[in-house]
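Heads up: the sequence lines are chains P, G and A, in that order.
Residue numbers for the first sequence follow the numbering used here, beginning at 1 and rising by one.
Residue numbers for the second sequence follow the numbering used here, beginning at 1001 and rising by one.
Residue numbers for the third sequence follow the numbering used here, beginning at 2001 and rising by one.
For the record, the hints were derived by calculation from the structure and aren't laboratory data.
Heads up, some of the hints might be wrong.
As the list claims (entries may be wrong) - Here are the simulated lysine-lysine pairs, DSS-like style, with alpha carbons at most 30 angstroms apart:
id	chain 1	residue 1	chain 2	residue 2
1	G	Lys1297	G	Lys1235
2	G	Lys1109	P	Lys23
3	A	Lys2074	A	Lys2119
4	P	Lys243	G	Lys1106
5	G	Lys1106	P	Lys153
6	A	Lys2228	A	Lys2074
7	A	Lys2128	A	Lys2003
8	A	Lys2181	A	Lys2116
9	A	Lys2027	A	Lys2107
10	P	Lys23	G	Lys1297
11	A	Lys2027	A	Lys2003
12	P	Lys23	P	Lys153
Stated by the list, open to error - Sample of chain P residues with no beta-carbon within 12 angstroms of chain A, all distances over it, derived:
id	residue
13	Thr57
14	Ser66
15	Leu72
16	Ile186
17	Glu192
18	Val195
19	Leu210
20	Leu212
21	Thr214
In this text, a Cβ means the ideal position worked out from N, Cα and C, and glycines have one as well.
Next come the chains, spelled out residue by residue.
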Amino acid sequence: MTDATVAATPALPMRGENDEVQKSSLFRSALLHAVLIALSFIMLYPLLWMFASSFRTNGEIYNNLSIIPETLNPRNYIAGWNALKVSFGTFAWNSLIIAVLTVIGNVMSCSLTAFAFTRLNYRGRHFWFAIMLGTLMMPQHAVLIPQYVMFLKMGWIDTYLPLIVPKFFACDAFFIFLMVQFFRQIPRELDEAAVMDGCGPWRIYFRIILPLSTPVLATAAIFSFIWSWGDFFGPLVFLNETKSYTVQLGLRSFVDSTAISDWVGLFAMSCLALLPVFFVFLFFQRLLIEGIATTGMKR
Amino acid sequence: MGVASAMAPNRKGRWSNELNGYSLLAVWLVGFFVFTFGPTIASIYLSFTDYDLVNAPYWVGMENYVRIATDDPKFRESLHVTFMYVAMSVPLKLLMALAVAMALNKGLKGLTLYRAIFYLPSLLGGSVAIAILWQQFFSTDGIMTYLMRYLGYEGPGWISTPDHALHTLVILSVWQFGSPMIIFLAGLRQIPRDMYEAASIDGASRVRQFFRITLPLLTPVMFFNVVMQTIDAFKAFTPAFIVSNGTGGPVNSTLFYTLYLYQEAFAFLRMGNASALAVILVIIIAVFTAIAFATSKLWVHYDD
Amino acid sequence: MAKLVLDNVFKRFDSTEIIHGVSFDIKPGEFVVFVGPSGCGKSTLLRMIAGLETVSAGNIYLDDERVNDVPPAKRGIAMVFQSYALYPHMTVYGNLAFGLETMRAPKAEIEQRVAKAAKILQIEPLLKRKPKQLSGGQRQRVAIGRAIVREPRVFLFDEPLSNLDAELRVQMRVEIAALHKELGTTMIYVTHDQVEAMTLADRIVVLRAGVVEQIGSPLELYNTPQNKFVAGFIGSPKMNFLDVSVVQSNTGMTTFNLAGTAVTLPVEAAVSAPGMAIGVRPEHIVAGSAGVSLGHMTVNHVEQLGGNAFVYGQLSDGQALTLSLEGQQNIHSGQQIPIGIDPALCHVFDAEGRTLPRRKTDPAHDAAPASAEVLSG
């Protein structure tokens, strides 16, 4: 999966003149590129258009298909930033705190759990592993109401605790699964050598498995960040006070407050909301893509 | 056996494996029981009660389920909308993902760039920002509506048309084909190249190679994608919530099941009824998954 | 130096029994090789000694202490793994020091012990490198070095040379032998390669299907295998086994019918005994009329190795036979050649594959009263 240019489908020149074959395969690949470039344009168009429109006025966006901003005047960004009683900066800060703590919680707890599922043998392991895989399919909505009631009774509503604490208890099975897939590839003899060297399971986890797993830990961290940043449902349920809102909730209140008249302000704030994810994607796309690919593979 | 038994000889005796194992698994076990298993049981219990968060839950037996089954048009509409959404978005998205993965697997230059571009919407697509954008696109004076006029479509934006509102969400879902595409691509990579070479020497045409080699060997990946995408589609919430402003409108045409559940619980504080809806959703997903696994023997090809 | 005793050791995984009651002693400073085909349980046995597998029944004693329940690291044992199992994220120094760090040895002592081991193995220039930057032979040395720094009572080697190419394997074999001389520590070595076993071992333990077939010095196994399995496993090319029937049996002398040739050997066997076989090593058969004649053989194929030659053929009844002859031979396919054998170098096996005991009074290399004649009809 690392070599991006390996072709699985060979173009075998079976018969006919070599030149002709080459010409036709050249033509075919040119055609393919044309199609893919067109598709790329379609895929990116909405994003580019939104970005361009975030510099226009509300009057200018109608029937304007252009994706090239006529000006880079940041007035919409300035107006949008302060459009609500609470500034967008507060939302971003809130989102950041939640996302960072989520990343820490997920990486620590899920790697420990994946370690317990892959590197140790004990009665009941397979049973709990099956249960864990089952929770992969559980919709959040199934447990939402009792969770809400529980957090309400504990006085956690309107705090970030409901969004963060479960992450420290390996509640996101996807990350466990991702790490299990990775840990399984680490040779068993390393653990055995460590046992001969006098290591207990905790020391094997910290000194052998974790240092060897930085790619998957990074992948999990990045996905954690992106998903936490983009999460709408959780904050919608657990946060009520505007000043504790996340970026996603802030955007949504923006929609409510303007009753959709100030599109360009919305677009400006939307672009800001997407920006961290976009940058993370830009720098770590290889890790993300490999991470996604491994979850679908049987090992 | 591995390390597993490696830790066995220990003065603590024959339960030392378990002691080690469960001490490491404890974090997950606590999380599972407190945040998943406990709430699941509580959901089942609450589904047999009337509960408004203020007064104690009042046992009503099957009443919630009976009402949902016999006298709840919104339930039926939300179920219909959700099934329509699943039935349209999953096949379209997967077809798109497979087609593009096949194209990208031809050894073209620039694969990494294409792959990144196609994957980007998958990362962004579920967010509020994109839902807002979609709302503009398909509103009466939105860009898509403007474009469609060239194709002869005259009328209000799709987002405000009961017949088409759901379609905009299907398009949004298909736009995010990148993540299953990457899994398909990884699956295609694992098909050994010499299989195609052998087939070519045997004189198999490209079409035949696709149906006799690519497709069968891709079925495990296909299965994974179908199951995961379907479950995801059942769980979809944010786009419908944003484009309809939390109402599921127009005329309940985007009333996703999860949205209805949310309304019942947090708009009307009918926690008992909402719990019954949650239980039904879990059952639907469980039944679907069970069917998928049961039929997988018929069409999923495993080497071993 | 440590003494190791295995007392009726069993290993079961769930319901399958892998090791069926193995007992033997290993003397202090001895180099013992476990050899056998794959799946014979040799690695499992080693791992039980290491403490990586539990002992299902029986006892393992190390210097008279029962170690069944002692954790691996506390047994004073070091192990070299087949894949080396070097920690990829640590430098060579880190790999060597890790065990000592785990045991919280003082830093100065760690440094001193690592330096000593590195000197013995001549890997001092590699200490700062990561395993990825090492060649196969260097990795092997580091793996051994990791064992040496522990200053163990017993070294365990689990097929340590199987990942090396042929040339390096011979070189490392010599080095391991030299290391044993230098350190004098008890060593246990697992391999499926009988050449490694023969060249390294003070004593060899031959295992098959979880049972010890024979224990002895390399030459004991070669000269007096106790059964057909050991006879066939030790020696290359493999010993020839020729089906024979008993023609006549006197006290201490038995005449066999080998493809129409009568062969008389100093063993006891009943006339009616079925399934008898004579075993002759390829290098003990002579082409020509010397010794006891085994009749004629039709040559099918000849492999000239320069220093010696392998001749493949069959007897008149179709039984296959391999000869290993000294020097370069002028023998060709299709040729009929007379072959003979020194009866003192023959082995006779019964239907169960056990070696029949030789007549006690028989002075091994004396002109044995053995004879052969062509049986008529």
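For each hint, the structure was consulted:
A distance of roughly 26 angstroms separates the Cα atoms of lysine 1297 of chain G and lysine 1235 of chain G; the hinted pair therefore holds under the 30 angstroms criterion. Straight-line distance between C-alpha atoms of lysine 1109 of chain G and lysine 23 of chain P comes to about 17 angstroms, which keeps the hinted pair within the 30 angstroms bound. Distance hint between lysine 2074 of chain A and lysine 2119 of chain A is fulfilled; the C-alpha atoms sit about 26 angstroms from each other, no more than 30 angstroms. Proximity of lysine 243 of chain P to lysine 1106 of chain G is assessed by CA-CA distance (about 51 angstroms); at most 30 angstroms being required, the pair is judged violated.
For the proposed pair lysine 1106 of chain G and lysine 153 of chain P, the alpha carbon gap of about 58 angstroms is over 30 angstroms, so the pair is violated. Among the hinted pairs, lysine 2228 of chain A with lysine 2074 of chain A is inconsistent with the structure: their alpha-carbon atoms are about 40 angstroms apart, more than 30 angstroms. Straight-line distance between C-alpha atoms of lysine 2128 of chain A and lysine 2003 of chain A comes to about 36 angstroms, which puts the hinted pair past the 30 angstroms bound. A threshold of 30 angstroms between alpha carbons decides the hint, and for lysine 2181 of chain A with lysine 2116 of chain A the separation of about 16 angstroms falls inside it, so the pair holds.
Taking the CA atoms of lysine 2027 of chain A and lysine 2107 of chain A, the gap is near 34 angstroms; set against the 30 angstroms cutoff, the hint is violated. About 44 angstroms separates the Cα atoms of lysine 23 of chain P and lysine 1297 of chain G, which puts this hinted pair outside 30 angstroms; it is violated. Restraint check for lysine 2027 of chain A and lysine 2003 of chain A: the C-alpha separation of about 5 angstroms stays at or below 30 angstroms, so the hint holds. The straight-line distance between the Cα atoms of lysine 23 of chain P and lysine 153 of chain P is roughly 73 angstroms, outside the 30 angstroms bound, and the hint therefore fails.
Remark: the non-interface label on threonine 57 of chain P is consistent with the geometry, its nearest Cβ contact in chain A lying 56 angstroms away (cut-off 12 angstroms). No Cβ of chain A approaches the Cβ of serine 66 of chain P within 12 angstroms, the least distance being about 52 angstroms, so the stated non-interface status holds. The Cβ of leucine 72 of chain P lies farther than 12 angstroms from every Cβ of chain A, with a closest approach of about 46 angstroms, so its non-interface assignment holds. Not every CB of chain A lies more than 12 angstroms from the CB of isoleucine 186 of chain P, the least distance being 9 angstroms, so the non-interface label is violated.
At the 12 angstroms boundary, the C-beta of glutamate 192 of chain P falls inside the reach of chain A, the nearest C-beta of that chain being 5 angstroms off. At the 12 angstroms boundary, the C-beta of valine 195 of chain P falls inside the reach of chain A, the nearest C-beta of that chain being 5 angstroms off. For leucine 210 of chain P, the shortest C-beta to C-beta distance to chain A comes to about 10 angstroms, within the 12 angstroms cut-off, and the non-interface label is violated. For leucine 212 of chain P, the non-interface assignment is contradicted: its Cβ lies about 6 angstroms from the closest Cβ of chain A, within the 12 angstroms cut-off.
Look at threonine 214 of chain P: its CB is around 9 angstroms from the nearest CB on chain A, not clear of 12 angstroms, so calling it non-interface is violated.
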